[in-house]
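Colleague: The primary structure of each chain is shown beneath.
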Amino acid sequence: MMKGAGCKMQDAVAPDAHLHRVFTVAEVRVENARTRTLVLGGSLPARPGQFVMVWLPGVGEKPYSVAGAAPLTLLVADVGPFSHALHQLAPGDRVWVRGPLGQGFRLVAGRALLVGGGYGVAPLLFLARQVIAQGGAVEVCLGARTAEEVLLADEFAAAGAGVRITTEDGSGGAPGLVTTAVEAAIAGCRPDVVYACGPVPMLEAVDRLCVEHDLPCQLSWEAHIRCGLGLCGSCERPGTGWLVCRDGPVGPAGSGR
Amino acid sequence: MTDLTCHLLHLRLRNPVILASGVLGTSAALLRRAAEAGAGAVTAKSCGPVPRAGHPNPIAVDWGGGLINAVGLTNPGAEEEARLLAQARALLDPLGVPLIASVFDGSPAEFAQVARTVATARPHLIELNISCPNVHDEFGAPFAASARAAAEVTAAVKSAVDIPLTVKLAPNVPDIGRIAAAVVEAGADAITAVNTMPGLVIDAAAGRPVLSNRVGGISGPALKPIALRCVYEIAQAVHVPIIGTGGVLTGRDAAEMIMAGATAVGVGSAVWYRGVAALGEIAAELAAFMAAEGYATLEEMRGLAHR
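Going down the list, the protein sequences come from chains A and B.
If you read the first sequence in my numbering, its first letter stands for residue 1, the second for the next number, and so on.
If you read the second sequence in my numbering, its first letter stands for residue 1001, the second for the next number, and so on.
Check before you lean on any hint, since a few could be wrong.
[What the hints assert, rightly or not] Now the in silico label distances, taken between C-beta atoms and shown as ranges: (1) A:H84 with B:G1065: 56 to 62 Å; (2) B:A1284 with A:V22: 37 to 43 Å; (3) B:F1139 with A:H84: 31 to 37 Å; (4) A:S171 with B:S1107: 57 to 63 Å; (5) B:A1053 with A:H84: 17 to 23 Å; (6) A:R94 with B:H1010: 44 to 50 Å; (7) A:V22 with B:A1141: 32 to 38 Å; (8) B:A1053 with A:D169: 31 to 37 Å; (9) A:P201 with B:D1093: 32 to 38 Å; (10) A:P91 with B:G1207: 20 to 26 Å.
[As the list claims (entries may be wrong)] Anything over 10 Å on all C-beta distances counts as not near chain A; from chain B, calculated: (11) P1108; (12) N1172; (13) E1300.
FYI, nobody ran anything at the bench for these hints, they're computed from the structure.
Quick reminder that beta carbons are idealized off the backbone N, C-alpha and C, glycines included.
Work the whole structure out from these sequences, hints included.
Modeller: Here it is in structure tokens:
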């Protein structure tokens, strides 16, 4: 009864994907002055690119990319009251999680180019590890405003990915926008697929580049996610009817247009 | 040959499945998507006089037997809503799918003013949402809790606009038939029944309500038998079309709603359980059910459960 034929790639929901589950924080890693990794004491059957709704009772609920599924791992930048509260958590504290939700990246064999802008890197290390585990090659372009804000570069290298860094202020890697590095990487490694996650203008630029170079791409969009159920309409990419929380967050070229 | 054509007041719907208010109705593109997925008509999200952000997260969860939500009437205000509705009509008219607007406000006179504003976009029908359970702090008890208050709102809007009205009733009243009779007497052309059922979901580990609004509206499977009973009683009390809404997830559920006395069937939570495709799938399942059971038209099934 619950199995829909799917409209525009919406899958029927997993039968137990919807209830809040309690997780205990197992480990907190400080990535930089504003960013922490929370490793939780438990796993979820999540694919790279899917997200979870994280609830702190009495504080609120926000969407987070799954940065690792086993154990469940979240990359949290301190950018507002909710993420600030997550930054106060210590091992042994509890968080409530519903998900995994949404459509993740669909793995394509061959050479993968990953593009991460700022905190958009969150699902990409998880993705890189899966691509490499399945025999694919990974090159990743990491863009940030400053060298301090480049995240997980060492972890990508340790996982076996080639890493290109760009910073807007030139304090690390090449100066400029990540899209410059993306053009160089497309010319250099001729990827079979491009996966990108980051701010909307970056995704739109990557989308255009992939159209120009006739490359398949998968874009992970950010949005104001409220219900997470594909009902309330808050996360629609403007004017498209495309819902980030249910049709995405990962969509094909043009998914955000 | 099974005929799903649904005659709702002056409207001819290709099938009786109507996208319910509050689900996907926040933009013209989403309303078109619901129509393309197979809905017979679509209802926009309720709008009030001025923009509202709604409640903070969590605003909705699936608790196992259904959903609970307290979105908090998020809307862009009546002026912007009228623009949205006009855009939606331009997209929907070529598809032959009628558009239903939905309005709320705090007093009969204000209700009428919001309805006047959205009426400029010429929706085919205007739903009066007098039964939202989730804004009690600001608006007090819903108008739908009282036959007199419900009738006052209906009469005020009826005299303000020339578009047919459907009044959306609340399930948590002692005698919904009496309230239906009062709004029909006041000029309601149709009844939408029902809104969500007030409820509360507590997370025991947290020792707190899950929703930021604490209480919310229950929809989905838990609401279906409640909605069926309401539609059944309304059908005995009045003789206007009923848009039966509450827990319809399958074509068989839709058949039950029609057998209780509904002319058309509202679908909302099914979009979570089955995706947007649910709208067309429910219509197709209803046709298959009718063919298997030997019903040629919706009229042959309507009110059957009253015998």
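Colleague: Decide, hint by hint, whether the structure agrees.
Modeller: Hint-by-hint comparison with the structure:
With their beta carbons about 35 Å apart, A:H84 and B:G1065 fall outside the hinted range of 56 to 62 Å. At about 40 Å, the CB distance of B:A1284 to A:V22 agrees with the hint of 37 to 43 Å. Taken as a hint, the range 31 to 37 Å holds for the pair B:F1139 and A:H84, whose Cβ atoms sit roughly 33 Å apart. Roughly 59 Å separates the CB atoms of A:S171 and B:S1107, a value that falls within the hinted 57 to 63 Å.
For the pair B:A1053 and A:H84, the supplied restraint of 17 to 23 Å holds, since their beta-carbon distance comes to about 21 Å. Taking 44 to 50 Å as the suggested C-beta distance range, the pair A:R94 and B:H1010 does not conform, at roughly 56 Å. Checked against the hint of 32 to 38 Å, the C-beta distance between A:V22 and B:A1141 comes to roughly 36 Å, which is consistent with it. About 35 Å separates the C-beta atoms of B:A1053 and A:D169, a value consistent with the hinted range of 31 to 37 Å.
For the hinted restraint 32 to 38 Å between A:P201 and B:D1093, the CB-CB distance of approximately 35 Å keeps it satisfied. Taken as a hint, the range 20 to 26 Å holds for the pair A:P91 and B:G1207, whose Cβ atoms sit roughly 22 Å apart. A cut-off of 10 Å between C-beta atoms confirms that B:P1108 is not in contact with chain A; the least separation is 28 Å. Consistency note on B:N1172: stated as away from chain A, and its beta-carbon is indeed over 10 Å from all of that chain's, at 22 Å minimum.
Interface exclusion of B:E1300 from chain A stands, the closest Cβ pair being 25 Å apart, more than 10 Å.
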